[in-house]
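These protein sequence lines are chains A and B, in that order.
Using our numbering, read the first sequence as starting at 1 and increasing by one per residue.
Using our numbering, read the second sequence as starting at 610 and increasing by one per residue.
It should be emphasised that the hints constitute simulated quantities derived from the structure, not laboratory data.
Misleading hints may appear alongside valid ones.
To be verified - According to the in silico footprint, chain B covers these stretches of chain A (three or more CB under 8 Å from chain B): (1) 82-96; (2) 160-170; (3) 192-206; (4) 209-222; (5) 226-239; (6) 583-596.
What the hints assert, rightly or not - With a straight-line cut-off of 20 Å between C-alpha atoms, the simulated SDA-like cross-links for lysine to any residue are: (7) B:K773 / A:M587; (8) B:K629 / A:K533; (9) B:K629 / A:D594; (10) A:K533 / A:L522.
Said to hold, decoys possible - Every beta carbon over 12 Å from chain A, so not counted as near; a handful from chain B, in silico: (11) L669; (12) L681; (13) Q705.
Note that the Cβ used here is the ideal one computed from N, Cα and C, for glycine as well.
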Amino acid sequence: MATHAHPKRTGLWDWLTTVDHKKIGILYLIAGGFFFLIGGLEALLMRIQLMYPNQEIFVGGSFNQLLTMHGTTMIFLAAMPIIFALMNAIVPLQIGARDVAFPFLNSLGFWLFFLGGLLLNLSWFLGGAPDAGWTAYLPLSGKNYSGMGVDFYVLGLQIAGIGTWIGGINFLVTIINMRAPGLTFMRLPMFTWSVFVTSALILFAFPAITVSLVLLMFDRLFGGAFFEPALGGNIVIWQHLFWVFGHPEVYILILPAFGVISEVIATFSKKRIFGYSAMVFATVLIGFLGFMVWVHHMFTVGLGPVANSLFSIATMLIAVPTGIKIFNWLFTMWGGQIRFTAANLWAVGFLPTFVIGGMTGVMLSVPPADYQFHDSYFVVAHFHYTIVGGMVFALFAGLHYWWPKMFGKILNETLGKIGFWFFFIGFHLTFFPQHFLGLMGMPRRVFTFLPNQGLELGNFISTIGAFSMTIGTLVFLYNVIVTATRGEKASNDPWDARTLEWTISSPAPEYNFAQTPLVRGLDAFWVEKMAGKKKMTPAEPLGEIHMPSPSILPFIMSLGLFIAGFGFMHHAYLIVIIGLGTTVVCMFLRSIYDDPGYHVHPDEEEVKA
Amino acid sequence: MAQNFTSLPAHPETATLEGKNKVLAFWLFLGGEVVLFGSLFATFIALRTSYAGGPTGQELFDLGLVAIATLLLLTSSLTSVFGVQAMHRHDVAGMQRWFGITVLLGVAFLGLEIYEFMHYYHMGHTMSSSAFGSAFYTLVGFHGAHVLGGVTWIALLQMQLAKKGLTVVTAPKFYLASLYWHFVDLVWVFIFTVVYLMGKVG
Ligand code: HEM
Ligand SMILES: [Cu+2]
Chain A
1 MATHAHPKRT
11 GLWDWLTTVD
21 HKKIGILYLI
31 AGGFFFLIGG
41 LEALLMRIQL
51 MYPNQEIFVG
61 GSFNQLLTMH
71 GTTMIFLAAM
81 PIIFALMNAI
91 VPLQIGARDV
101 AFPFLNSLGF
111 WLFFLGGLLL
121 NLSWFLGGAP
131 DAGWTAYLPL
141 SGKNYSGMGV
151 DFYVLGLQIA
161 GIGTWIGGIN
171 FLVTIINMRA
181 PGLTFMRLPM
191 FTWSVFVTSA
201 LILFAFPAIT
211 VSLVLLMFDR
221 LFGGAFFEPA
231 LGGNIVIWQH
241 LFWVFGHPEV
251 YILILPAFGV
261 ISEVIATFSK
271 KRIFGYSAMV
281 FATVLIGFLG
291 FMVWVHHMFT
301 VGLGPVANSL
311 FSIATMLIAV
321 PTGIKIFNWL
331 FTMWGGQIRF
341 TAANLWAVGF
351 LPTFVIGGMT
361 GVMLSVPPAD
371 YQFHDSYFVV
381 AHFHYTIVGG
391 MVFALFAGLH
401 YWWPKMFGKI
411 LNETLGKIGF
421 WFFFIGFHLT
431 FFPQHFLGLM
441 GMPRRVFTFL
451 PNQGLELGNF
461 ISTIGAFSMT
471 IGTLVFLYNV
481 IVTATRGEKA
491 SNDPWDARTL
501 EWTISSPAPE
511 YNFAQTPLVR
521 GLDAFWVEKM
531 AGKKKMTPAE
541 PLGEIHMPSP
551 SILPFIMSLG
561 LFIAGFGFMH
571 HAYLIVIIGL
581 GTTVVCMFLR
591 SIYDDPGYHV
601 HPDEEEVKA
Chain B
610 MAQNFTSLPA
620 HPETATLEGK
630 NKVLAFWLFL
640 GGEVVLFGSL
650 FATFIALRTS
660 YAGGPTGQEL
670 FDLGLVAIAT
680 LLLLTSSLTS
690 VFGVQAMHRH
700 DVAGMQRWFG
710 ITVLLGVAFL
720 GLEIYEFMHY
730 YHMGHTMSSS
740 AFGSAFYTLV
750 GFHGAHVLGG
760 VTWIALLQMQ
770 LAKKGLTVVT
780 APKFYLASLY
790 WHFVDLVWVF
800 IFTVVYLMGK
810 VG
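The shape of chain A in the complex, shown without the other chains (with noise of 0.2 Å):
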């Protein structure tokens, strides 16, 4: 066997060119946590704003981009990424694996995603942000009404897309060819199923935007009349494909949620998941679904009755296999010993709150009823009860459970309790009232309302709420600050839990598994110490593990796009060929110059012990 020299690279190099999809996991969550903060201060802002009637703060244009920005940074920079970010750090972990399928692809998914939100991010300082609301509904977003602000986020959002849609195809080739030996698909832990489901949702609704936004771009920088009616153009189909993409994605941000809930409930409850096939069943009919439903945005668009009932029926449908889901989690804990820790707080607070999203869904799905509630602040209630009391709980529950994993240090677990409060009770305090709010007139989008026709009251608690969850927020951050200064080291195996991940120390060893584990039941782990066992029996005997190279092309390469980003926006096409021709030529670099990876020997020590 041909042995290459271990490259030994430290600091910012080592981060620039790291394949290792645990540390591409925590660069995802660096990066995505940054945007979140970000977005959050947006949100801030808006509320500030919002307390009183006929502030003067953010008016107008200001408060567009904020409300833009917002939306937009959380969606595809902050959730998604963080969600990538445990996926990372977790599934290759759960499936026995010493790596993702492509660890180069891993890496330059991880670049587009930044180097694309960063471009999108560089428009507050040069010349305005998009201000068309994520949705970037034309006319609105086309040239007569908004400035180069839509133009970052066509180009950017573009780049960062294809950074998720590789992500995409990189988990499924990995769970579908990289799984343990005796790890069948029906012994799949369920965040890795629902890892897959989303993955599968990424890779066929990721081209939908992109094609959406293509034509955007075509219509605001190259004279195209996709949109303009006066040219035969028509906004309406940017309505669909932006929601034959749009539907999906919100189902690509909860599934991952649902995955991760079904694990901590699972572990703290100390009992297998109930009804793991109908678990997996309904996860696969939810991404289904998912791709059936797109109309229910536009429902007041004037497609007639007929399209409106059927995409109605469908939307409604979609509530039978999440109920299933909840009832499971439900009956998992039911008798179960469980231990309200910080992870499983989060966990737990996530049933009550998404069940009422999911409800205001269904009533949402009603045309006729919806014809009153679209546009008005119910909907914004609506939307963030599953992306905020569902995702973003979810991920909470999913960084409390894994730190030890990705960190080797556990969580300060008062302050994890602490923070959840704030959080949780901020949350309600924020949304609930929104609700009424919408049902009283109150429109989406605004960015004043008047005294006296009973706003006040709901505004003004919804900003106190936003003020508690930035101190649940916080606390959090301090938290993590405490833990790596001088928090515990974890142990393998810190909540006696029942998946592969648990089986080696934390935080992993390069290689994942010295040798890789034998499978032999749903919950692996938890079969071998039933049997009595402290760890997994191998598959295979001892020896070298090879690795692939780090390498800086995938930086590189995002580096090229973002620069050709600029070129376009600025009609400057020299720059566009610089940027795009760096990134060709490292395309061209990398397929010539073959890989040899080096090799590793595990560490003896730790596998005896």
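The hints should help you fit chain B with the ligands onto chain A, whose structure is shown.
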């Protein structure tokens, strides 16, 4: 990585886990591309008669020219099949010959397409002349860009083949490039039908 290249297996493209991963990933990639082209087709179909006073498909399209282009592209799919068959026989010279012809046919197709676009441009059919114009150039142009990508890719692989020979590393690349090429040709069949035939005949 230290495989023994002297005994190349019959299907070198899927002989390693890396190769298997690549082939699976590529099929998935094509699944995504189907959605990409599907969205572009849907847009085109919605706008195909939105001429807004600009030239119409009936006035523009010359089916003879398009038929020749179609013939070139379909033949190139066939020659790429011969290329892969040569690969399975481990016949490097045959691979070079058949993939070389594939590239030439692809380039000829591109030449015709550029000529066609120039011609339309002079007839007043542009990106900004009507929604039909935008949809036409975007759909057909996207396909053209795929053709360009394909011929460049295959030509570069041929250079690698000349230098490194046929191995379990180069084989999957050729296999994927030919899959990609079939896909690009298949899309063209739809373009020929939806854009040109339906545009000319109604
Ligand atoms: C039982 C499940 C659900 C149903 C029946 C449902 C139904 C709906 C309907 C009908 C609308 C359109 C309202 C309007 O604009 O008039 C809507 C909006 C929305 N939903 Fe849901 N929903 C469900 C679950 C979810 C989930 C799980 C998420 C996210 C994780 C989500 C996120 C959103 C968002 C972001 C919007 C607003 C989009 C916008 O216009 O900006 N929904 N939902
Ligand atoms: Cu939806």
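These are the hints, each one checked on the structure:
Taking a C-beta to C-beta cut-off of 8 Å, the region 82-96 of chain A contributes 0 residues in contact with chain B, too few for the three needed, and the coverage statement is violated. Counting residues of the region 160-170 of chain A whose beta-carbon sits less than 8 Å from any beta-carbon of chain B gives 3, enough to reach three: the coverage restraint holds. Under the rule that three or more residues need a Cβ within less than 8 Å of chain B, the assignment of the region 192-206 of chain A holds, with 4 such residues. Counting residues of the region 209-222 of chain A whose beta carbon lies closer than 8 Å to any beta carbon of chain B gives 8, which reaches the threshold of three, so the coverage claim holds.
Against chain B, the region 226-239 of chain A contributes 8 residues with a C-beta closer than 8 Å to a partner C-beta. That satisfies the three-residue criterion, and the hint holds. Under a criterion of three residues with beta carbons nearer than 8 Å to beta carbons of chain B, the stated coverage of the region 583-596 of chain A is upheld, 5 such residues being counted. For the given pair, K773 of chain B sits about 18 Å from M587 of chain A by alpha-carbon distance, which is consistent with the 20 Å threshold. For the hint linking K629 of chain B to K533 of chain A, the alpha-carbon distance of about 35 Å lies beyond 20 Å, and the restraint is violated.
With a CA separation close to 17 Å, the supplied pair K629 of chain B and D594 of chain A stays within the 20 Å bound. Proposed proximity of K533 of chain A and L522 of chain A is supported: the alpha carbons are some 16 Å apart, at most 20 Å. The beta carbon of L669 of chain B is kept farther than 12 Å from every beta carbon of chain A, the shortest such distance being approximately 15 Å. Consistency note on L681 of chain B: stated as away from chain A, and its beta-carbon is indeed over 12 Å from all of that chain's, at 26 Å minimum.
No Cβ of chain A approaches the Cβ of Q705 of chain B within 12 Å, the least distance being about 17 Å, so the stated non-interface status holds.
Violated hints for the displayed structure, listed by number in ascending order: 1 and 8.
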